[in-house]
Amino acid sequence: MSQLQTYVDHKVSVIMNDGRLVVGMLRGLDQTTNIIMQGCQERIFSEDEGVEVVDLGLYMIRGDNIAVIGLVDEEADNALDLDSLHGEPLSPIKH
Amino acid sequence: MLFYSFFKTQVGQQVTVELKNDLAIQGTLESVDQFLNFKLKDITVVDEERYPHMMSVKNCFIRGSVVRYVQLSPPTVDTALLQDAARREAQSTQQQQQQHQQQVSKSTTAASS
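Chains as they are written, first to last, in full-length UniProt numbering: chain A, 1 to 95; chain B, 1 to 113.
Looking at chain A on its own, in the form it has when it is part of the complex (with noise of 0.2 Å):
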């Protein structure tokens, strides 16, 4: 996807089909949009406690996958407090 090119080597965060949401420098994608992800960490959100941070390293999407990928304003981020950061977890796509 070339609309996709001008995020690499850019900080992402993808949403995935099942609701996971997965945090990481973007390496590289192909017009299906698979793409492989360097650094990624999984922010788990729930309603009563704050945002669980997992660290995953080096993956590999498949396009189908994924929902949407979001460039990661890197000062919004590092403002954001997410030890007292609470919201739903996302549903899971349902075609």
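Simulated from the structure, these hints should not be mistaken for laboratory data. Keep in mind that this is a model prediction, so the values were computed, not measured. There may be inaccurate statements among the hints.
[Said to hold, decoys possible] So these bits of chain A aren't anywhere near chain B, every CB distance computed over 12 Å:
(1) Asp9
(2) Arg27
(3) Gly28
(4) Leu29
(5) Gln38
(6) Gly39
(7) Phe45
(8) Val54
(9) Asp55
(10) Leu56
(11) Tyr59
(12) Met60
(13) Ile69
(14) Val72
(15) Ala79
[What the hints assert, rightly or not] Within a straight-line C-alpha distance of at most 20 Å, the following computed SDA-like cross-link-like pairs (lysine to any residue) qualify:
(16) Lys11/A - Leu82/A
(17) Lys8/B - Leu81/B
(18) Lys20/B - Ser91/A
(19) Lys58/B - Ala76/A
(20) Lys58/B - His10/A
(21) Lys41/B - Gln5/A
(22) Lys41/B - Thr6/A
(23) Lys8/B - Ser65/B
(24) Lys20/B - Lys11/A
(25) Lys11/A - Asp42/B
(26) Lys94/A - Ser65/B
(27) Lys94/A - Ala111/B
(28) Lys58/B - Lys94/A
(29) Lys58/B - Val45/B
(30) Lys11/A - Asp73/A
(31) Lys94/A - Leu81/B
(32) Lys94/A - Asp18/A
(33) Lys20/B - Met16/A
(34) Lys94/A - Asn21/B
(35) Lys20/B - Pro89/A
(36) Lys20/B - Asp73/A
(37) Lys94/A - Asn37/B
(38) Lys58/B - Arg43/A
(39) Lys41/B - Phe6/B
(40) Lys8/B - Ser2/A
C-beta: ideal position from N, C-alpha, C; glycine also.
Given chain A, work out where chain B should sit, using these hints.
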């Protein structure tokens, strides 16, 4: 290809894209491609209290396969023109199919004789 062309006319407009996981993202349409993948800028999530997942994201790419609805602002859409274009596209695909069938039947009669 009609809707790809249509969405290209909407570039720069404010749209709300509702996904198949009920998340709705509002933003300015930056670009669209043949798969109807969307790129939005200056986004906000509708009901951000409930879904704070995208708080540090301003620009995003939405995969066409997960889009349920695209909400547009009515004044930007010429529905009469769109209807007419849809009708013409349906007509031309029908004609193409008929031509193709004629060619196939011609070549099969030629082969049997």
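These are the hints, each one checked on the structure:
1. Asp9/A, annotated as away from the interface, keeps every beta carbon of chain B farther than 12 Å; the closest lies near 15 Å.
2. Listed as a non-interface residue, Arg27/A keeps its Cβ farther than 12 Å from every Cβ of chain B; the least gap is roughly 16 Å.
3. With a least beta-carbon separation of about 15 Å from chain B, Gly28/A lies farther than 12 Å from that chain, consistent with its non-interface assignment.
4. For Leu29/A, the requirement that its beta carbon stay farther than 12 Å from each beta carbon of chain B is not met, with the minimum near 10 Å.
5. The Cβ of Gln38/A sits about 18 Å from the closest Cβ of chain B, beyond the 12 Å cut-off, so the non-interface label holds.
6. Taking the minimum C-beta to C-beta distance to chain B, about 16 Å, the non-interface status of Gly39/A holds against the 12 Å cut.
7. Annotated as non-interface, Phe45/A brings its C-beta within 12 Å of a C-beta of chain B; the closest such distance is 6 Å.
8. The claim that Val54/A lies off the interface holds: its Cβ sits roughly 15 Å from the closest Cβ of chain B, which is beyond the 12 Å cut-off.
9. At the 12 Å boundary, the C-beta of Asp55/A stays outside the reach of chain B, the nearest C-beta of that chain being 19 Å off.
10. Every beta carbon of chain B lies more than 12 Å from that of Leu56/A, the smallest distance being close to 17 Å; the non-interface claim holds.
11. Remark: the non-interface label on Tyr59/A is consistent with the geometry, its nearest Cβ contact in chain B lying 17 Å away (cut-off 12 Å).
12. The claim that Met60/A is not at the interface with chain B holds, since no C-beta of that chain comes within 12 Å of its own (minimum 16 Å).
13. Not every CB of chain B lies more than 12 Å from the CB of Ile69/A, the least distance being 4 Å, so the non-interface label is violated.
14. Look at Val72/A: its CB is around 5 Å from the nearest CB on chain B, not clear of 12 Å, so calling it non-interface is violated.
15. Its closest Cβ contact with chain B, about 8 Å, brings Ala79/A to no more than 12 Å, contrary to its assignment away from the interface.
16. About 17 Å separates the Cα atoms of Lys11/A and Leu82/A, which keeps this hinted pair within 20 Å; it holds.
17. Between Lys8/B and Leu81/B the alpha-carbon distance is near 15 Å, which keeps this suggested pair within the 20 Å criterion.
18. Pair hint Lys20/B plus Ser91/A holds up; C-alpha atoms about 9 Å apart against a cutoff of 20 Å.
19. Using a Cα cut-off of 20 Å, the hinted pair Lys58/B and Ala76/A holds, with the two alpha carbons roughly 10 Å apart.
20. A threshold of 20 Å between alpha carbons decides the hint, and for Lys58/B with His10/A the separation of about 13 Å falls inside it, so the pair holds.
21. For the suggested pair Lys41/B and Gln5/A, the alpha carbons sit about 15 Å apart, so the restraint of at most 20 Å is met.
22. Under the criterion of a C-alpha separation no larger than 20 Å, the hint pairing Lys41/B with Thr6/A is consistent with the structure, at around 13 Å.
23. Under the criterion of a C-alpha separation no larger than 20 Å, the hint pairing Lys8/B with Ser65/B is consistent with the structure, at around 18 Å.
24. At roughly 25 Å between alpha-carbon atoms, Lys20/B and Lys11/A are farther apart than 20 Å, so this suggested pair is violated.
25. At most 20 Å may separate the alpha-carbon atoms for a hinted pair to count; Lys11/A and Asp42/B meet this at roughly 17 Å.
26. At roughly 11 Å between alpha-carbon atoms, Lys94/A and Ser65/B fall within 20 Å of each other, so this suggested pair holds.
27. A distance of roughly 49 Å separates the Cα atoms of Lys94/A and Ala111/B; the hinted pair therefore is violated under the 20 Å criterion.
28. With a C-alpha separation of about 25 Å, the suggested pairing of Lys58/B with Lys94/A is violated against the 20 Å cut-off.
29. Proposed proximity of Lys58/B and Val45/B is supported: the alpha carbons are some 10 Å apart, at most 20 Å.
30. A distance of roughly 8 Å separates the Cα atoms of Lys11/A and Asp73/A; the hinted pair therefore holds under the 20 Å criterion.
31. Between Lys94/A and Leu81/B the alpha-carbon distance is near 33 Å, which puts this suggested pair outside the 20 Å criterion.
32. Restraint check: the Cα-Cα separation between Lys94/A and Asp18/A comes to about 9 Å, which is no more than 20 Å; the hinted pair holds.
33. The suggested pairing of Lys20/B with Met16/A holds, with an alpha-carbon distance near 12 Å, which does not exceed 20 Å.
34. A distance of roughly 6 Å separates the Cα atoms of Lys94/A and Asn21/B; the hinted pair therefore holds under the 20 Å criterion.
35. Between Lys20/B and Pro89/A, the direct Cα distance comes to roughly 15 Å. Compliance with the 20 Å bound is thereby established for this hinted pair.
36. Taking the CA atoms of Lys20/B and Asp73/A, the gap is about 25 Å. The hint is violated against a cut of 20 Å.
37. Distance hint between Lys94/A and Asn37/B is fulfilled; the C-alpha atoms sit about 18 Å from each other, no more than 20 Å.
38. As the CA atoms of Lys58/B and Arg43/A are separated by approximately 18 Å, the hinted pair is consistent with the 20 Å bound.
39. Distance restraint check for Lys41/B and Phe6/B: the Cα-Cα separation of roughly 19 Å lies within the 20 Å cut-off, and the hinted pair is therefore satisfied.
40. A hinted pair counts as satisfied when its Cα atoms are at most 20 Å apart, and Lys8/B with Ser2/A qualifies at roughly 16 Å.
Consistency note: the structure conflicts with the earlier hints numbered 4, 7, 13, 14, 15, 24, 27, 28, 31 and 36.
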